[in-house]
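Visitor: All chains should be modelled from the sequences, with the hints used to inform the complete structure.
Protein chains: 2
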Amino acid sequence: MAPVGAGLWRTLRAHQVYGANTDVGKTIVSTVLCNAIQNQKQRAAFLKPVSTGALDDADDRHLKRYGAGTLTKCLYQFDEPVSPHIAAKKKSVRDDDLLASIQKTLADWARSDIDFALVETAGGVHSPGPNGNSQADLYRPLRLPIVLVADSRLGGISSSISAYESLLLRGYDIQSVLLFRDEYYQNHEYLRDFFRNKSIPLVPLPAPPTKPLQLDADSRLRDEEAMSSYYQKVSQESEVLRLLEEMSVKNTERIERLEEMASRAHDLIWYPFTQHHGMSAKDITVIDSAHDDYFQTFGSNSSTKPDSELRPTFDGSASWWTQGLGHGNPDLSLSAAYAAGRYGHVMFAGAVHEPALSLADRLLKTLDNPRFTKVFYTDNGSTGMEVAVKMGLRAACDRYGWDASQEKINILGLKGSYHGDTIGVMDCSEPSTYNRKVEWYRGRGHWFDFPLVKMVDGTWKVEIPEELRADLGSDAEFESLNSVFDLKQRLKSDAGQRYKEYIRRTIEDLVQKQGMKFGALILEPVILGAGGMLFCDPLFQRCLTDVVRDHPELFSAENNSPKSTPSWSGLPVIFDEVFTGLYRLGRPTSASFLDVYPDIAVNAKLLTGGLIPLCTTAASQEIFDTFSSPEKSDALLHGHSYTAHAVGCTVAVDSLKTMTEMDVNGSWDGFRADWTSKSTLVASTPDVWSVWSQNLLKDISCADAVESVFAIGTVLSISLRDEQGGGYTSTVAKSLQQKLAVGGDQFNVHSRVLGNVLYLMSSVTSKPDSLQEMERLLRVSLL
Amino acid sequence: MAPVGAGLWRTLRAHQVYGANTDVGKTIVSTVLCNAIQNQKQRAAFLKPVSTGALDDADDRHLKRYGAGTLTKCLYQFDEPVSPHIAAKKKSVRDDDLLASIQKTLADWARSDIDFALVETAGGVHSPGPNGNSQADLYRPLRLPIVLVADSRLGGISSSISAYESLLLRGYDIQSVLLFRDEYYQNHEYLRDFFRNKSIPLVPLPAPPTKPLQLDADSRLRDEEAMSSYYQKVSQESEVLRLLEEMSVKNTERIERLEEMASRAHDLIWYPFTQHHGMSAKDITVIDSAHDDYFQTFGSNSSTKPDSELRPTFDGSASWWTQGLGHGNPDLSLSAAYAAGRYGHVMFAGAVHEPALSLADRLLKTLDNPRFTKVFYTDNGSTGMEVAVKMGLRAACDRYGWDASQEKINILGLKGSYHGDTIGVMDCSEPSTYNRKVEWYRGRGHWFDFPLVKMVDGTWKVEIPEELRADLGSDAEFESLNSVFDLKQRLKSDAGQRYKEYIRRTIEDLVQKQGMKFGALILEPVILGAGGMLFCDPLFQRCLTDVVRDHPELFSAENNSPKSTPSWSGLPVIFDEVFTGLYRLGRPTSASFLDVYPDIAVNAKLLTGGLIPLCTTAASQEIFDTFSSPEKSDALLHGHSYTAHAVGCTVAVDSLKTMTEMDVNGSWDGFRADWTSKSTLVASTPDVWSVWSQNLLKDISCADAVESVFAIGTVLSISLRDEQGGGYTSTVAKSLQQKLAVGGDQFNVHSRVLGNVLYLMSSVTSKPDSLQEMERLLRVSLL
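One line per chain: the protein sequences are X and E, in this order. All residue numbers for the first sequence refer to numbering that gives the first Met the number 0, where the first residue is 0 and numbers rise by one. All residue numbers for the second sequence refer to numbering that gives the first Met the number 0, where the first residue is 0 and numbers rise by one.
Since the hints were derived computationally from the structure, they do not count as laboratory data. Some hints here could point you the wrong way.
Which copy? The list can't say, so a pair holds if one copy fits it or any two copies do.
Claimed, not checked - Cross-link-like lysine to any residue pairs, in silico, SDA-like; alpha carbons within 25 angstroms at most: (1) Lys281 <-> Ser627; (2) Lys197 <-> Ser666; (3) Lys232 <-> Asn38; (4) Lys631 <-> Arg263; (5) Lys407 <-> Thr432; (6) Lys103 <-> Lys232.
Guide: As C-alpha cells, this is what we get:
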C-alpha cells in the first residue's frame, strides 16, 4: 500500500478534530466552526472517516442539518454506539485504505472550492480505529494540525491535558483548543492558562442547549430550534471568528515558513560533509516531518494543484545509516520521554543508573563475544573509536614495552577504511579525500588493499585487485553469497593459504625492513561504508585477524607466544561495527560473518533504533586491566559530559530488545526465504540474507550503466560505470540519484551517493510493499 | 523547604493510586486491595492527601467503613466536590508541606507494623492539586510506584492510555492497572492486551453494586450490605491476590536490584575518567531517579529504620556541568517526545528541519556576536572543538599560504586548558596528567601561564605566578569582583600595558626565534574548568586576543595588515564556551565578560538544559568562506550521523528560550541583588553575580583549610591548602567531599573534586532554599 502524503494545502485549511474524551462535544464544536466559515461566504467541509452509533444520530447528519451548507462525508458507518474496533469486527477496513481515502477526499476538496475542512475522529485520542489501533497512531501519517476539543466536565482538566500530551508525543501540532464553558468547574479558566503557556489559543464556547429527555416530535422540534439558534449565535462570537482567523494565518504562515526554510538554512547552517560552493537553497530538502520510512518533504510536488504540498519521500540512506525502527516511532518516543522524566541526564562517573546498567548487560548478550566483559559509553561512532584506539594502543605498548611518546605506533587496517571525523581516528585511515586536507591529519598505519565481493552480470565474484593478482591469484566466481561466507571451507582452500601468506609476508616486511611498530588491527567487518560501500572478501578479513593472532612474533621479538583465549595475541583486534553492527547486515554483529571474536568492538547508529546519538565501546577484561594501576594517570581518562545519558540508554535498551525479538520471532523470514531458496544452502554457515531481492540484484547487475552490485541485510549498493575511474569525487551516480528523487506515483526517494556508488538502505521494519516499489523504481531507472 | 526522599521501604509496600479520570472507582479499587491485604493478616493503610466533597462521602470514610480494619488518614479535607485548586483557594496548603506530610506519614507507617499503603490522588492524573499544579507533577518527587485505575466507560480506552502516557513521561513506574469489567464496552479486554505488551498486569474487577437513587435509611442499609458483600467477594478473587503478590514481589525485586546495581556496574561498566584499581562497588553511587537538583540515591541512609531507602542527594557537580533546568523537567521531556514523534532523527546533510533551523537562529541571537553567521552541529564539546580547530587552522593556513602537511601548525592557548577527550583536541592542551599517557597525544602549541583571580581571606585578588612577576608585576587587590571585570579601566592601567607587552614579546620569540607557526588562539573564557577551575584574570585573556588581533605581523611577514571587523586578524580566535557559556556564569556568553567577539565559538552542556548531548560550533562568514571552493575535497568533511538530531535541537530551542526568559524576567534578581548591593557598582560594566552568596565566600575564604575561593554564576570553587602543592592528583579535597556526602538532615551532597579543588555547581533553576542549606553545610564543614 502506498504511503500517504501529510496533509497541507494552500487553498484548503484542513484540520483533524480530536476529543479529550468521548462525548465532549466534538461534533458541536465542528458545527460551530463550519457554521462560522460558511457565514463568512467561505466553503466548509466535514469528514467523518469512521462513525459509530445509529445512522440517525451520525455526526455527519448533524453537520448536514446544522452546518449552514457545509459539505459532509462519512467513509465508514457502523451502527453500534461502541468503539470502532468492536463495531468493525465483521467488516474489513484496512487502516491504509482509510488513510488513503481521507487523503484523497481532502485532496479532492482542495482541488474544488472548499476552504476549510475538519476531519473528525471518534471518541478520545486513543480510541481504537476499526483495526484496533489507536487513532492517534493510525492517523499520524497525515499529521493534520489538530483542533482539540477539551473536556469541560469534572475531571476534564486532567483528561484534556493527557490527551494533549498523547498527541504531542506523536509529533502532532495542536493548533487550537475549544471546550464548553462550565462556570462551576471552570475548566476553561485553568486550561486557558495552561494552553496560553504553550502559545495555543483556547476558546470556551457557551454550553449547547440541553437535550430533551423525551423524543416526541414536539420536543424534537424545540431541540432543533434551540440548536439552530445556538449555532447561529455562537458561530458569530468574536472569539470564534478570531480563532478561525488565527487558524487561517497559521496555515499561511506554515507554508511561508516551509517556503523560506531552505534559504534560511542556506544562510545559517554550515552543513556536514558539504561543499557549499555552488550550492543553492534549492539543493536543500525541506523535511516537515517523518514517519516510518518516509520523510514528508515540502516542494517536491510539481503540479499546480497537488495532492498535498507535502510528499512522502523514502529515506533511502536510512538517515545516514541510523534508522532501525522507523521515524516517529511512538514506543521510542515514550521511552525517551520516560527516561527524561525519571532522570534527565545524571552524572555517570562513579555512579550508576538502571538504563546504563541494563544496556551494558543487554549489549554484551547481543554481541555474544566471550571476550567482552566491559562497556564504555560515548556519544558517537567517532568518539567510540577514539576510545577503542586508546585502549588498543595502550594494551600493545604495555605488553611490548614501547614508549609511545618517543616512537610512532601505527595501526594495521584496510584501504578505504573510515572510522569517524575526529582527528585521532582520521589518523587510522590512509590519506584520502576525506582527510588529506585536514591540517593535523597524519595517517599512522599500514592499509592493505583487498579483494572485493560483488555481483557482476548476475554472478557473485571475488575480485582480486590487479596489483595483488601475483600474490592472491585471480578472480573467483561463487554460486551464491552464502558460499562466499563459507569460511570453514575457504580457509582450507588455496585462496586461504595465499591470503595468509601474503599478509604474513607483508607485515614481516613492514616491521622488519621498514621498522614499523603496530599497536592494533582495526577493521570494519564485511563492508567498509564511508570508503565507498566496499564489500571486502570476508576470507581476507578473517585471514588478517588469524595471521595477526597466530603470529605475535611478527610484532615484537619478545613476549610473543600466542596467548590462549580470551587473551589477545599479536595485536588487539578492534572491530568498528558502527555501521555494520546491530542488524544492519541482518545479524546482531558483523563479526559473526567472519566467525571472529574481536578484543574491542564499537557500536553506534542503530544502537538507539535511529533516534539519538549514543555509542558503546565493548572490551575484553584483559584490555581493561591494562589501565588498572595505583596511578590515577594510568586510567582511561576519557569521558564526555553526557556519558551514558539515560535517555539514550533507555531508548537503546528498547531498540535492542525490539530488534532481537524481530530476529527471533521470524519478522524477516520472508526476506530470508528469498535468499535461501534461490541459493544453495551451505550447512556449515548461518544464512546470509537481504531485504533486497535476489532477482533485483541479478537484473540490475546486468544493466549497461551498472558495473556491479551487492546486497546484504538492509544495504543495497550499486556501483555505476565511470570512465573516469570512480572514487569519492565521481559524479556518475548523480543521474540515477536524480531519477529516484523524482520517484514514482507513490513517493520520491532520497538517496545518497558515494562517488560512483549509489546505495540504498532500509530500516529493519521496512514493509515489503515499500521495498517492492523501491525495486520497481530501480528497474525503471536502470533497465 | 527540604526536598523529600522518594518513597521506598523494605517492610512497607507504598503505592500511589492514580485514576484515568475522575469517578473511575479509585476508592473502590483501593478498598478492594486493602481488604485483600487485611484478609491476609497483613496491615493495610490508606492515605488521602487531599479530599474534596462532603465529609460524609470522603474516601477515607469509605475505607474506614469497608476497609476491614485498614488504617486511614486524610491530610486536607475540602467540602466542595470540585477540583482541589478551587476548593483550596482560601486555605493555604503549600505543595512542599503536602509532600513532606505524605512522606512523613508513610515513613511513620513503615516504622510501625503497616505492610501495604495506598496514597490516593484526587480526580485524574493531571487534576490540579491545592495550588493548581498537576498532581502528576506535584507528587513526582515521591515517585511512588503507581496503581492506575483505568476507565471502563465508553471512551475509557483512550483516557486510560493517555493517563498512562502522562505518568510515564514524568518518569513514574506504573506497576499495575485495575478497572471494572464492562462486558458491553470491553475496555478491559483491549487494555489488558495493551498493558501486557508493556509487561504491566491488568486486573478487571466486577462492577460494584449500583448506588441507590434515594438515600433513605433503608436504601442506605441495603447499599451498605451490597458493598460489604462486594468487597468480601472481590477481595478474595484469585486475580486480585495474585496481583498483590506480584506487587509485593516487585517491591522486593526493586530493592534487590538496587542492592546489586553497584556490584553489577562494577562488573560491567568501564567508567569514564576513572581509575578502577582499588575501586570497589561501594564507591559507586546508585541513582534510582532524579528530580530538580536532587538525585534519589540508594543506600545513603544508615539508620536501620530509615525515612526511606532513597535519599535526596544534591547534584553538586550539576551532573558534570550539564544541568540547567533541573532533572526530570516535564517540559523538556515533552519537547523531546514531540521531536521524537514528529521526526525521530532525520538526515541533515543537504536537508533541513524546523528544530535545527530554529536552533541556529536562536543560538546566533543568544550569542549576539556580529561576526557569526553560521552554525555547525556536532554531538559534544570535544567533537565541536575538533570542528573549531579544523576551521581555525584551515583559515590561517589558507591566509598565510602554509602547507600543513609539511609544517607543524600550533595553537596558542593557556596552561591548564582542556578542550575534550578526542585526540585532536587533546593536542590543543599542554602535556598534563590528562593526556601525557595517551599514545597518540602530541601537544601542538604554546600555552601561556597566567594570573589567577581568587578571593583570599575575604579579599578579591589577582595573583601573578611567581615566574611572571618580573614581567607582569605583583599581585593586586580588588574591592569587588565587578572591579576585576572593569576591563575598560584596567586595559589602560599599567597592568594592561605590562600584560600586552609580555604577550607580544613572547609570541615574537616563539615565532621568530623558535620558528613556530600558529594557526589559532584557543581560550576558555574566564574559567578553565577541567584544568582545575582556574579563574583566569579576564584582563589577561582580553590582552591576549587584543595582541593577536592587533599584531598580525607577529604570525606572518606577509598578508598581515589588521583586518577590519568582521574579518579575523592575526589568528582566528576560538572560544571554547562548552563549560562557561549559556548562563553557566550568569550570562548568555562568557565572551561578554571579556568584551571580545571570537571568530569561532563552541557551545554544549547547558545547550539542552542538561538532557542530551548536542554541540554547536558557530563561525564567522569569513571562516566559512575559507572552505568554499569548486573542489569537494576543500569542504569541511566532518559530520556525525546524528548531526543536528531533531530531539536535541528541539530541547535546545526550549532550553535557550527558557533561560533567556529567566534572564529577562528577573528570575535571578535575588542573587544579583546580593552581589550588587555589597560591591561598589562599576557603571561601565554589566554586573557580575552568583547564586552563591558573597557572605559565604568571605567566610569560607578565611577558613584554615581553605587556600582561596571564588564564585561566579552557578559555580563555586574552593581551593584547599595542600602541602604537596595541589594539582589533579591531589587528594586533599576528599575530606571535604566526604563531609558533604554525609550531608545534613535534609539531603546528602554529591560533589566532584579536581585535585585540591572542590567545586559546586547549581542549575539555573536551583531554589534559594536548597542553596542556603548547601551554604550551611559548607560552613559546618569548613568553619
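Visitor: Take the hints in turn and mark each one as holding or not.
Guide: Hint by hint, here is what the structure shows:
{"no.": "1", "hint": "Lys281 <-> Ser627", "result": "between (55 angstroms within a copy, 18 angstroms between copies)"}
{"no.": "2", "hint": "Lys197 <-> Ser666", "result": "between (41 angstroms within a copy, 20 angstroms between copies)"}
{"no.": "3", "hint": "Lys232 <-> Asn38", "result": "within (11 angstroms within a copy, 60 angstroms between copies)"}
{"no.": "4", "hint": "Lys631 <-> Arg263", "result": "between (49 angstroms within a copy, 22 angstroms between copies)"}
{"no.": "5", "hint": "Lys407 <-> Thr432", "result": "both (23 angstroms within a copy, 21 angstroms between copies)"}
{"no.": "6", "hint": "Lys103 <-> Lys232", "result": "neither (34 angstroms within a copy, 55 angstroms between copies)"}
The structure shown violates just one earlier hint, number 6.
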